[in-house]
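Enquirer: Heads up: the sequence lines are chains A and B, in that order.
Under our numbering, the first sequence has 147 at position 147, and the numbering climbs by one with no breaks.
Under our numbering, the second sequence has 603 at position 200, and the numbering climbs by one with no breaks.
Everything labelled a hint here was simulated from the structure, so no lab data went into it.
Incorrect hints may have been included.
[Claimed, not checked] Pairwise CB distance ranges (calculated): (1) 576/B <-> 81/A: 26 to 34 Å; (2) 408/B <-> 125/A: 16 to 24 Å; (3) 3/A <-> 408/B: 32 to 40 Å; (4) 432/B <-> 45/A: 54 to 62 Å; (5) 545/B <-> 120/A: 38 to 46 Å.
No residue lacks a Cβ here, since even glycine has one placed at the ideal position from N, Cα and C.
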Amino acid sequence: MTNNAIEIHNVSKKFNRASDRRTSLKERVVRGRAKNTNEFWAVKDVSFNVPKGSVYGLVGHNGSGKSTMLKLISKIYRPTEGTIISHGRLAALIELGAGFHPEMTGRENIALNGSILGLTKKEISAATDEIIEFSGIRDFINDPVKHYSSGMYVRLGFSVAVHMDPEILLVDEVLAVGDEEFQRKCFDHLSKLRKAGKTIVVVSHGLGSLEGLCDEVTWLDHGHVEQTGPTTQVIAAYLQKVNSEESARSRQISATRDPEEVHEGELRIKGASIIDPVTKEPLSHAETGTTMAIQVDLTTTAPILGPNVRVAFQHDSGPLVAMISNHRQGTDFGTINGDHSVLATLEGTPLLPGRYRIHIDVFDHTGTQTLDNWNEVLEFPVRSVRGEIGQGFVELPTTFTIT
Amino acid sequence: MLTTLYQQRALIRAFAVREIATRYRQSALGWGWSLVQPLANLLVYTAVFTLVFRIVPPPLGSDPDKSSFAAFLFTGMVTFNLFSGLVIGSMAQLRSNGELLRKVHFPAWAPVLGASLVQFIQVILELIVLIALFLVLLNFGWTWILAIPILIAMALFAQGVGLMLSIMNAKFGDVQYMVTVALGALYFLTPILYPISVIEESASWLKNIVMANPLSWFVLPMHDVMYSLKAPEWWVIPALLVFGGAVFAIGFKVFERTSEDIGEIL
Numbered sequence: 001m002t003n004n005a006i007e008i009h010n011v012s013k014k015f016n017r018a019s020d021r022r023t024s025l026k027e028r029v030v031r032g033r034a035k036n037t038n039e040f041w042a043v044k045d046v047s048f049n050v051p052k053g054s055v056y057g058l059v060g061h062n063g064s065g066k067s068t069m070l071k072l073i074s075k076i077y078r079p080t081e082g083t084i085i086s087h088g089r090l091a092a093l094i095e096l097g098a099g100f101h102p103e104m105t106g107r108e109n110i111a112l113n114g115s116i117l118g119l120t121k122k123e124i125s126a127a128t129d130e131i132i133e134f135s136g137i138r139d140f141i142n143d144p145v146k147h148y149s150s151g152m153y154v155r156l157g158f159s160v161a162v163h164m165d166p167e168i169l170l171v172d173e174v175l176a177v178g179d180e181e182f183q184r185k186c187f188d189h190l191s192k193l194r195k196a197g198k199t200i201v202v203v204s205h206g207l208g209s210l211e212g213l214c215d216e217v218t219w220l221d222h223g224h225v226e227q228t229g230p231t232t233q234v235i236a237a238y239l240q241k242v243n244s245e246e247s248a249r250s251r252q253i254s255a256t257r258d259p260e261e262v263h264e265g266e267l268r269i270k271g272a273s274i275i276d277p278v279t280k281e282p283l284s285h286a287e288t289g290t291t292m293a294i295q296v297d298l299t300t301t302a303p304i305l306g307p308n309v310r311v312a313f314q315h316d317s318g319p320l321v322a323m324i325s326n327h328r329q330g331t332d333f334g335t336i337n338g339d340h341s342v343l344a345t346l347e348g349t350p351l352l353p354g355r356y357r358i359h360i361d362v363f364d365h366t367g368t369q370t371l372d373n374w375n376e377v378l379e380f381p382v383r384s385v386r387g388e389i390g391q392g393f394v395e396l397p398t399t400f401t402i403t
Numbered sequence: 404m405l406t407t408l409y410q411q412r413a414l415i416r417a418f419a420v421r422e423i424a425t426r427y428r429q430s431a432l433g434w435g436w437s438l439v440q441p442l443a444n445l446l447v448y449t450a451v452f453t454l455v456f457r458i459v460p461p462p463l464g465s466d467p468d469k470s471s472f473a474a475f476l477f478t479g480m481v482t483f484n485l486f487s488g489l490v491i492g493s494m495a496q497l498r499s500n501g502e503l504l505r506k507v508h509f510p511a512w513a514p515v516l517g518a519s520l521v522q523f524i525q526v527i528l529e530l531i532v533l534i535a536l537f538l539v540l541l542n543f544g545w546t547w548i549l550a551i552p553i554l555i556a557m558a559l560f561a562q563g564v565g566l567m568l569s570i571m572n573a574k575f576g577d578v579q580y581m582v583t584v585a586l587g588a589l590y591f592l593t594p595i596l597y598p599i600s601v602i603e604e605s606a607s608w609l610k611n612i613v614m615a616n617p618l619s620w621f622v623l624p625m626h627d628v629m630y631s632l633k634a635p636e637w638w639v640i641p642a643l644l645v646f647g648g649a650v651f652a653i654g655f656k657v658f659e660r661t662s663e664d665i666g667e668i669l
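Construct all of the structure, not just a fragment, from the sequences and the given hints.
Expert: In structure tokens, the structure reads:
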């Protein structure tokens, strides 16, 4: 007896490009049988096992084959090569409410959906009340579903699927349904199923939700398995790859000011960039928890006494998140003259993932006169390898104790 | 095959229930509509073929001196409609359930057979009208019982053809239009609007074509048992049942084999 709920051995799936399909008899006759030149492997030689009672995640970028994999497991597609063995009844949440008929009432649709998912009449009538209760739309259950809001629709769909008592539940990025309260209900229900020893396979982009939920993860890339293992490890590796690909693609974050820009003061901000404080290399993004530095290049035409360089961080959505300055840190640059580079190092960048803009200004030593200012110098993304989507903008240095 | 069908009866029934629940739900006349078209056809054809073309129907079984073109015509129409209803209904099912078949794994023939079950309601409604017509004409007899196995054989035959055509239609969208045209031609190549004796005299080559049309094999004995009130030769009905059953079995097998990738085709 095996301890795996699903066993996937060397599975490959080939598709023919739509442009090459014969969709009418005329085409089929005139152009002959479709040549298999335009084929494309959505999944290539994938093997992994899903242990019984575990929550298993599939990650990967768009087109990596994770949704195809889920359809293969749920038997909607047949593998071109390889075998998939699953032990126990499968229910797939590929699209919620896919089988609903708009003209039929919620209750009629529950019965239809239940039979499609393979339940007997008795099992369906036993589950109906619970489904209605869970969906929270008892008042509308005898109305045709075409009058439902999209929220009610997916709530009913989710309720039907999870109450079909599946031994293996396949979930495809559908957890973001309904309002906050219903989402929580969904997660609670999934953990309940998990405690009851059911196997759950989740496909998701929302890496934060995967981390909280999954025991093991397989990372798919262009149809093949890149890595399989414990969730935190695989997700960290995945994000590292995504981030490094982004750095390779996107330009480094630095800005040089147009020298023609009219400026009358004795001090001028020439440019700014975000760099790695160790290698001094410009970065393409910052990372929560990893030290970064902002380099501000200045030039003066006369000696300046103790200038105050201020850098403001503004979040994409508007609010000013923080303002740093050398005066506030108690650092006096003394008298400067000529070209200088000011380096502001942010130990363990406390900014949470998101996009931020930088504004720079320089005041004189009294803090009353602006020597130069430059708004919207640059914009940079902050990423995280831990995958969480932060609530708020900054991570406060905190220590928790309990007594 | 039969055990598979039995195991999935709940699913087939669920699709039948859906079909009943959704068909004509938003119309005032409801199921009445399903009788309007055949009755309108009956009226038009009867008028045209008795007044314009002056086709003489064979004598009624109850009284050799009387005949009724309307009753003769409707007997054939009911039989033909059973065939065309099942074929057209089956063909539409795979496409209209495409959304579902792409997202959930279940036997693709279930919605097809479910819709066909509902088609029987239509057939029964038409049969009631036909029986009422014959009762008015005082034309009835024990041979009516034989109509049941003939119609069952016809239903099996039609469903076998319907299953094969539905999968072809899923692959090639123009099949349904071709079938509509073909059904229109078959209607005239089946002795529905005229007794076979009419072409026997004038064009024997045409008679050969009509007799080669499998639909004629069902319509002729239906005329016998319902209209002329005589039993066909003993082997006719068993042969029809074997033929219908075989076509259904072949259609089902072909469908099962080719519908495995239905989620991708649609």
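Enquirer: Are any of the numbered hints broken by this structure? If so, which, sorted upward?
Expert: none
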